[in-house]
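4 protein chains.
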Amino acid sequence: MKADPKGVLTGSHFMDGDHACCEGALAAGCRFVAGYPITPSTEVVERFARRAPLVEGAIFIQMEDEIASSIAIQGAVWGGKKAMTVTSGPGFSLMMEHIGLAAMVEVPCVFVDVQRGGPSTGLPTLPGQADMMQARWGSHGDYEIIAISPNSPQECFNLAVDAFNLSEQYRVPVMFMMDECVGHMMERVVIPEADKIEVTPRRYTTLPPGQYLPFKPNEDLVPDMFKAGDGYRLHVTGLTHDFRGYPAMNPDTQEELVHRLVDKIRLNAPKIWRYEEIDVKDADVVVVSYGITSRVAVEAIALARKKGIKVGMLRLIVVWPFPEQRILELAGQGKAFVVAEMNYGQIFYEVERSARGKTPVLLAGHGGGTVHNIDAVAQKIVEASQCRS
Amino acid sequence: MKADPKGVLTGSHFMDGDHACCEGALAAGCRFVAGYPITPSTEVVERFARRAPLVEGAIFIQMEDEIASSIAIQGAVWGGKKAMTVTSGPGFSLMMEHIGLAAMVEVPCVFVDVQRGGPSTGLPTLPGQADMMQARWGSHGDYEIIAISPNSPQECFNLAVDAFNLSEQYRVPVMFMMDECVGHMMERVVIPEADKIEVTPRRYTTLPPGQYLPFKPNEDLVPDMFKAGDGYRLHVTGLTHDFRGYPAMNPDTQEELVHRLVDKIRLNAPKIWRYEEIDVKDADVVVVSYGITSRVAVEAIALARKKGIKVGMLRLIVVWPFPEQRILELAGQGKAFVVAEMNYGQIFYEVERSARGKTPVLLAGHGGGTVHNIDAVAQKIVEASQCRS
Amino acid sequence: MKADPKGVLTGSHFMDGDHACCEGALAAGCRFVAGYPITPSTEVVERFARRAPLVEGAIFIQMEDEIASSIAIQGAVWGGKKAMTVTSGPGFSLMMEHIGLAAMVEVPCVFVDVQRGGPSTGLPTLPGQADMMQARWGSHGDYEIIAISPNSPQECFNLAVDAFNLSEQYRVPVMFMMDECVGHMMERVVIPEADKIEVTPRRYTTLPPGQYLPFKPNEDLVPDMFKAGDGYRLHVTGLTHDFRGYPAMNPDTQEELVHRLVDKIRLNAPKIWRYEEIDVKDADVVVVSYGITSRVAVEAIALARKKGIKVGMLRLIVVWPFPEQRILELAGQGKAFVVAEMNYGQIFYEVERSARGKTPVLLAGHGGGTVHNIDAVAQKIVEASQCRS
Amino acid sequence: MKADPKGVLTGSHFMDGDHACCEGALAAGCRFVAGYPITPSTEVVERFARRAPLVEGAIFIQMEDEIASSIAIQGAVWGGKKAMTVTSGPGFSLMMEHIGLAAMVEVPCVFVDVQRGGPSTGLPTLPGQADMMQARWGSHGDYEIIAISPNSPQECFNLAVDAFNLSEQYRVPVMFMMDECVGHMMERVVIPEADKIEVTPRRYTTLPPGQYLPFKPNEDLVPDMFKAGDGYRLHVTGLTHDFRGYPAMNPDTQEELVHRLVDKIRLNAPKIWRYEEIDVKDADVVVVSYGITSRVAVEAIALARKKGIKVGMLRLIVVWPFPEQRILELAGQGKAFVVAEMNYGQIFYEVERSARGKTPVLLAGHGGGTVHNIDAVAQKIVEASQCRS
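Here the protein sequences come in this chain order: E, Z, B and L.
Position one of the first sequence corresponds to residue 1440 (the working numbering), numbered consecutively onward.
Position one of the second sequence corresponds to residue 1440 (the working numbering), numbered consecutively onward.
Position one of the third sequence corresponds to residue 1440 (the working numbering), numbered consecutively onward.
Position one of the fourth sequence corresponds to residue 1440 (the working numbering), numbered consecutively onward.
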């Protein structure tokens, strides 16, 4: 399906990542945003608040807090809207219970987290990348989500569209993991014409009321939804529920439901994985990175190459589900890894796990507050090239 | 230091794990509990509410929700109390922001999570073990905590004392990760005399006001505290702060503070690790387990041994920090692993990572709602013994 | 019915009015108190919190705010308890919605307001008597309540018992209008033996389920209640409801219900009125007063009598419903009035209205923060005696 | 000062009273509305939410509840806006604490209460007039406000302008007491050109910082304000405060401040009173009424006149301060009163008080849910004419 032109600001713009993210959401068909302002994510909702009156059917509501925001969007989705909420670290922590609910009742929606330095209040105006594991594991119980990390304002636009599309495709909350640098950096953002933007429609059932079971999955493990007002009845509960949506609190239904919720993403992972590889083929060392750090890594790679080291990059675009298979392949080819990220080890652990001890995995990490020092990353590349041999 | 006899219910009791956890807290010197009732953890606070009027200085307060509970205890700690809060999955998710705060400002306190089936509301009255990764990664930003998992009412008592002790030793929030089975199972619990119970006192500074810096670490990376009312001044903020506790929002202070917060646990990990090994020495397969599942695993191991398989067990008592070094040693000795846990893979990933591809790691997981089927675990042991060869 | 000895602290005590109020509540059978601390009322709940563990079935809960407190007690009443909440001005304002609910669904319960200087935060530690009209008119819509004003610690005990008794008799919320002086003043309080204290039991229906209609009034306009757990079904709603308790939103049911709610108090008023008269018979001037001011007025009256003025006092004990008939009788006998109260005119207006222009009505008012100046009241008495002639 | 044309929708419209009230607010310069939707007032804020993006500087915010709404507007006023909140009975009860604050710190602002049947949830969609005494007495402590009651959509526009003007003139919260009928009735509303609408500007001080005292009154008892950002410092507290705005918690400051707050309205009352008289001069009976009931009363009067009774009407436009002097004059001329209002006696008591027993005062009251029966009012007029003679 093509994008609705009403939400598409076609043209060439100079804007920051927060604003571009908002435009991506609008282009993807997002028509409901609930949020509570928090630096450095506020510009996303500020822009949506201003744009909403100009886009038919678009609503912005500032809620009293992040708990309210993260549930308001789910109500909007059941009412037929595409919806997102937007926050940063401390607010993201407050949303954890409702992210689990969204996963449990399979609400397609997008959570934007513009990462700043943490933990706690930390560094409100400075960058971080240390909410990556939280995005995957922050709510209680087993579930799976999708997480995406853009590294430029243009990607904030493009991938916001993809975030909504994946969310609809798999009926799963998608975490849009920006960082303060990408959010506040201004660059050229080209927004194509509406008929050049592919938008995934909601998966509406074709079954009539009576035959339709709201939580009975299709072959791809995803159940269909329905249009509110079309005469279907729905019972939505965070309790373990059967195909009808009614509570059925026993181990069998738990297995049937929760196992499917994790398999829905795990078994479809090869279709969801997305990464960019640069000069990987001939590389002895592969730098794994994402978000703003991937742009610093490019400089460090250039520096290391000047020193004669064969180094390439694997940039994660979809971070969760994690492309463990590709890491294993590269490890099998003897490539050492440097994981460059703005934390003291998060995705690093996933690379280490996926490499299965076949090659060294080094961390080029720091606590945030600024981007990496290029020399420090280059130095890790040198180290990796040495411990490999 | 020995336990204060006023909180110690010396004797041999028949009680469930929830009640035993409460008695352990009292024995450890816990004198402030704030909580909001949630199945299957409610009996912990119910008992504390009844016991509090009988123990001098003990206070229980039912707060309006889990957010309030998780901050009330931190106020109590600054006021000089040992404190804990108690919850289950959905409430635990609501506490995530304040767990990060406790880590950031180094408040010694205990969070009890009696795990039930999740995600979301899930199975309120039935067991789960799927909050294990959340315990480690649930709040935004980088930090480290300690997590402990008891597998009997007696351990609920013993390890609750240890939880408070470790919390004081490292000024870190400790997650006490029970499960519904351990919480509601009744067994004999022997509570020793007070002078047989070792209690770690708060690390009070010996420096006078003026010389004392509240966030300047000792050699073990842990700073000292002071007694409220003794004339010290304190500024506590979740913002990145310097030794004085004042906000200093720049990358250098971030590195100094947050790197220390993670190293405080990582570098001291060998002193914190705690696990039980059974028949590991001659084993070809090692079952890694914890909590109630470790007791089912023992049965499965017996079954497998009858079939002639050499299988032992490594039971995690302290789960976080994770004993990766021990796993690596065992993997190096060629032992295959079966990770038995009540989820679809959490600690499994840590074992897989730590084994570095040296031996197979299999998951015996299920979604909760009941304990494992013994045959299913035994079957995994058989599989592991086969894929090893 | 006689008081339950378990709640009765028989003996001669030296205590302040706040503590005496708490003992009166306990003697009356109050077994549930919910509150949020606020000066100068906090001592009432502090005492109840300490006394509750010693009185079987007694529960104190500190709620997160006054809104929660004022609804928690109503839940307790439906569950079979006698209950009260305790507050001061700002908290009383927050309770207004729930006072209307209590009136609408006829919940017997007691609201204690220890008045301080207002409006707004005003004078937290100093006395006032300016919530008297709010007690009567503070919630939206038409309703009637009973309000009582004690003028000594002994009366805080005695009238607290009466407050509960009237509340049960008429199924109406009773406002217990203390003031900071009476609340914090210490005097001898004699608590009789339990079998000397008359306690009004809850009016339980004798009809079986099926025949019983929870909002069908008896001849005295008051419907009967039932014991929770005895098999009756109840629907309680603040919406206009019929005898069954079901919403019936039309003018006829509104008339049937709301007219009865006001008539329940207005028509029974002669049985509820309660005042003390001193030297009124031969008086030319009658001082109308209540609470702490009545004790200052006694001094002023003595002073005026020394000057040869024939002056008496009518002290309001039950303030609402207002004894307009008695005021009219006295006015008919040509007696002038001085209304002494710690505000700029509240009960004054009721006296003025009730006197029907037959005699002068003067206000001896001030804004609170301290008790009246005796001379100022005496001077008003002189004035009144002059304008009368 | 003339109205800012940007907010004035000049022209002849067909709209209901809720919408007209919104337009009146905009014409008066209101540029900030905070509210929480509640029937039958929701249309006021719905319209403001739609109109705000079209009027420069206008902001609407939906708050999480009425407590938040009633304080948000006060923040906006201190920031330089004219502001109002909008609600109905239950929400009005929740605003009581903040109405007292507004009175205490002299915030010019408007509270719209579109009255429905009460008490409690009552009759959400049907009319009532039983919040009239609450408007005057609903918050704790002594204070005075202004209350206005429109009886048509046109008046909803006109008097909303006046409400803002009076609010600015006297720095006092103004209660705009509509009812469901007036709010939902559609009629022609003529909005004049902006230069025909008189708007009272905020009373800004002409004194420089340093000389200016924010709570020192002018001769008319009203202090001046200042423009935020112009370099003045302000301490605003609900505590009893001195001319500087600092807490001064003693009886003298209480007298100085609170006595002025009530006198500010009482002594200026003759300038504020506003009522409409019809055929009063030759009348034996005067019907006192307001809001929608005044329009029913006109029919009843016509009916009674046909029966030969000389009857006129006094319609209250400003209800508080109450025009007691005018009632006394009319009573002195021997005119009997019928008070027609949609409650069981509220303004009736004020008329009774003001008439000083000189003539009979009858109540034509009912509990709401529909307008009065014309015959019933006419019958009361007949009664009044008889008991007069």
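Calculated directly from the structure, the hints in this document are not laboratory data.
Beta carbons: idealized from backbone N, C-alpha and C, even for Gly.
Where hints are given, some of them may not hold.
[Said to hold, decoys possible] Using C-beta positions, here's what the derived DEER-type ranges look like: (1) B:1738 - L:1681: 27 to 33 Å; (2) L:1681 - B:1504: 53 to 59 Å; (3) L:1449 - Z:1676: 34 to 40 Å; (4) L:1674 - B:1504: 58 to 64 Å; (5) Z:1518 - L:1496: 44 to 50 Å; (6) Z:1747 - E:1825: 42 to 48 Å; (7) Z:1444 - B:1625: 52 to 58 Å; (8) E:1489 - B:1667: 49 to 55 Å.
[As the list claims (entries may be wrong)] Away from chain Z, derived, C-beta distances all over 12 Å, residues of chain E: (9) 1537; (10) 1555; (11) 1643; (12) 1662; (13) 1693; (14) 1745; (15) 1818.
Hint check results:
At roughly 31 Å, the beta carbons of residue 1738 of chain B and residue 1681 of chain L sit within the given window of 27 to 33 Å. For the hinted restraint 53 to 59 Å between residue 1681 of chain L and residue 1504 of chain B, the CB-CB distance of approximately 30 Å leaves it violated. Evaluation of the 34 to 40 Å hint for residue 1449 of chain L and residue 1676 of chain Z yields a failure: the beta carbon distance comes to about 54 Å. Between residue 1674 of chain L and residue 1504 of chain B the beta carbon distance is about 25 Å. The supplied range of 58 to 64 Å is therefore violated.
Between residue 1518 of chain Z and residue 1496 of chain L the beta carbons are some 47 Å apart, a value that agrees with the proposed interval 44 to 50 Å. The beta-carbon spacing between residue 1747 of chain Z and residue 1825 of chain E, approximately 47 Å, falls within the hinted interval of 42 to 48 Å. Take residue 1444 of chain Z and residue 1625 of chain B: their Cβ atoms lie about 37 Å apart, and the range 52 to 58 Å is violated. Checked against the given bound of 49 to 55 Å, the beta carbons of residue 1489 of chain E and residue 1667 of chain B, roughly 54 Å apart, stay inside it.
The claim that residue 1537 of chain E is not at the interface with chain Z is violated, since a C-beta of that chain comes within 12 Å of its own (minimum 8 Å). A cut-off of 12 Å between C-beta atoms contradicts the statement that residue 1555 of chain E is not in contact with chain Z; the least separation is 9 Å. Non-interface call for residue 1643 of chain E relative to chain Z: holds, since the shortest CB-CB distance, roughly 24 Å, exceeds 12 Å. Chain Z leaves residue 1662 of chain E outside its interface by the beta-carbon criterion, the shortest separation being 16 Å against a cut-off of 12 Å.
Listed as outside the interface, residue 1693 of chain E is inconsistent with that label: its C-beta sits roughly 4 Å from the nearest C-beta of chain Z, within the 12 Å cut-off. Taking the minimum C-beta to C-beta distance to chain Z, about 26 Å, the non-interface status of residue 1745 of chain E holds against the 12 Å cut. Look at residue 1818 of chain E: its CB is around 16 Å from the nearest CB on chain Z, clear of 12 Å, so calling it non-interface holds up.
Going through the hint list in order, the structure does not satisfy hints 2, 3, 4, 7, 9, 10 and 13.
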